[in-house]
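Protein chains: 2
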Amino acid sequence: MQISTKGKYSVRAVLDIAQYSNGSPVPLAAISKREGISLQFLEQLFQQLRKGNVVNSVRGPHGGYVLAREPSAITIGEIVRLIEPPLYTSSCFSNDGAVENCRIGETCIGGAIWKQLAEHVDSFLDSITLADLANKSKPEVVYGLRIKSNRILADRGNGNDETAEPEKIQVA
Amino acid sequence: MQISTKGKYSVRAVLDIAQYSNGSPVPLAAISKREGISLQFLEQLFQQLRKGNVVNSVRGPHGGYVLAREPSAITIGEIVRLIEPPLYTSSCFSNDGAVENCRIGETCIGGAIWKQLAEHVDSFLDSITLADLANKSKPEVVYGLRIKSNRILADRGNGNDETAEPEKIQVA
DNA sequence: ATATACTTGACTTAAACGGTCGGGTATCTA
DNA sequence: TAGATACCCGACCGTTTAAGTCAAGTATAT
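Protein sequence lines correspond, in order, to chains A and B. Numbering-wise (our numbering), the first sequence opens with residue 1 and increments by one. Numbering-wise (our numbering), the second sequence opens with residue 1 and increments by one.
There could be a bad hint or two in this list.
Which copy is meant is left open, because identical chains are indistinguishable; a pair holds if it fits in one copy or across any two.
[As the list claims (entries may be wrong)] Below 30 Å or equal to it, Euclidean Cα-Cα: the simulated BS3-like pairs (lysine-lysine) are:
1. Lys51 <-> Lys115
2. Lys33 <-> Lys115
3. Lys8 <-> Lys115
4. Lys6 <-> Lys33
5. Lys115 <-> Lys6
6. Lys8 <-> Lys51
Simulated from the structure, these hints should not be mistaken for lab results.
With the hints as constraints, model all of the structure from the sequences given.
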C-alpha cells in the first residue's frame with residue numbers, strides 16, 4: 001500500500017497553480033522549473049486533470065493552465081482519484097474478481113475492512129481543499145491540519161458549502 | 001494507492017487460524033485448501049508473520065502455526081505492516097528522498113498530508129483486532145464494523161487493554 | 001508567420017507483484 | 001531409528017505497473 005509519486009506530483013502541481021496564478025494561466029514550463037518535475041511528465045498528468053475538470057487549459061502564447069474552480073472547491077481526494085487507481089476494487093480478492101471462494105459468502109468480513117478503509121481514506125482526502133493548503137499564512141493549517149469533517153466528494157459543479165465546522169485532526 | 005492481495009491473503013490466513021484452531025497448530029496445507037491460496041505462497045507469507053511475532057510455528061507431524069497472542073491482541077494493521085511496504089516514506093517526495101526541492105522547506109504542506117494519511121490508515125487498521133473479525137456470531141460486527149477507537153499499535157507483549165470504549169464506524 | 005504552449009500516443013526502463021521450484025531442517029510417531 | 005509430516009529458506013520467473021521519455025502534432029496570440 002503505497003501512495004504513488006504521480007499522486008504527490010499532481011497535488012503539488014495543482015497547488016503550485018493555486019499559489020502562483022493571479023488569474024492568468026500558468027504554463028507547465030514554470031511549474032516544471034519550480035517543482036522540479038519533468039515537463040513531459042507534467043503534460044501527461046495534466047491531461048487527466050483537465051478531463052477530470054480540475055484545471056482548464058489555455059493554448060497559445062501566454063497560455064497555460066488555470067484552476068477549473070476556486071481552490072476551496074477542489075479537494076485533494078478529487079485530484080488523487082483522477083491520477084491513481086482506486087484503493088478499493090472487489091469484495092474479498094483483487095482485480096479480476098476471480099477467486100471468490102469466500103467462505104462467509106456475501107457478508108465477507110475481510111472484504112468489509114478494505115471497503116471501509118477505502119471510504120476512510122477518501123473521506124480524509126476529500127476533507128482537505130486546495131484552499132486549505134494554499135493558505136501558508138496560517139501555520140496551524142500545516143501542522144495539525146485543520147480540515148472540514150465528512151465532506152464527501154464535492155459535486156463537480158461549484159459547491160460553495162462553507163457550512164461544515166472545522167475539526168482538528170491529531171498528528172501523532 | 002492500492003492494497004495488495006498479499007496483504008489481504010495474510011489477513012485471511014491468520015483469521016483462518018483464529019477460527020479453525022482449537023489450541024492445536026493449524027498446518028498451512030489446511031489453510032491452503034480452505035482459502036484457496038497456494039501452499040508455497042503461504043509459506044512465504046508466514047515466514048514474515050512469524051518473524052513479526054504474529055504467529056508461532058510448530059514443526060514436525062501435527063505441526064503448523066498458532067497465534068502468537070490471543071486474537072484480541074493482534075490487530076489487522078500489525079499484519080498488514082509486516083507484509084506490505086509502509087504507506088508513508090519521506091516528507092515530500094518518495095523513496096530515495098532525492099528530490100527535496102520543497103519550496104516550503106521543513107513545514108512542507110504536501111508532505112504533511114501524506115504523513116497524516118498514513119497515520120490515519122494505521123490508526124484505523126490498528127483499531128480492528130482478529131477477535132473482532134473472528135466473532136461471526138455478532139452480525140453487527142461485520143457490517144458497520146464495531147471497533148475500538150485510537151488504539152495505537154499494541155505493544156508486542158500481551159497487552160490486555162480492554163479499556164477503550166467501542167465506537168461505531170459508519171459504512172457508506 | 002512565428003513562437004508559444006498545450007495535445008496525443010507510442011515507447012522504454014526498472015521495479016514490484018504474485019507466484020513457483022527445489023532443496024533443506026526439525027520433530028513426532030511407529 | 002527410520003520415515004513421514006510440515007515448517008524453513010533462497011533463488012527464480014513471468015507479468016504488470018510506475019515513472020519517465022520521445023516525437024510529432026494542433027491551437028492561438030502577437
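Within, between, both or neither: lysine 115, lysine 6 at alpha-carbon 30 Å = Both. Shortest intra-copy (23 Å) and inter-copy (16 Å) distances satisfy the 30 Å Cα cut-off.
Homomeric proximity label, lysine 8 with lysine 51: Cα distance no greater than 30 Å | within (18 Å within a copy, 33 Å between copies)
Given a CA cutoff of 30 Å, do lysine 8 and lysine 115 count as a within-copy pair, a between-copy pair, both, or neither?
-> Classified as both; 23 Å inside a copy, 12 Å across copies.
Could you figure out if lysine 6 and lysine 33 sit no more than 30 Å apart (CA to CA) within one copy, between two copies, both or neither?
-> Within one copy only: 17 Å inside, 39 Å across.
Since the copies are identical, ignore which copy is meant and state whether lysine 33 and lysine 115 lie within 30 Å (CA to CA) inside a copy, between copies, both or neither.
-> For lysine 33 and lysine 115, only the inter-copy Cα distance (25 Å) is at most 30 Å; the intra-copy one is 39 Å.
Under a CA distance limit of 30 Å, which applies to lysine 51 and lysine 115: within one copy, between copies, both, or neither?
-> both (26 Å within a copy, 28 Å between copies)
When held up to the earlier numbered hints, the structure conflicts with none and fits them all.
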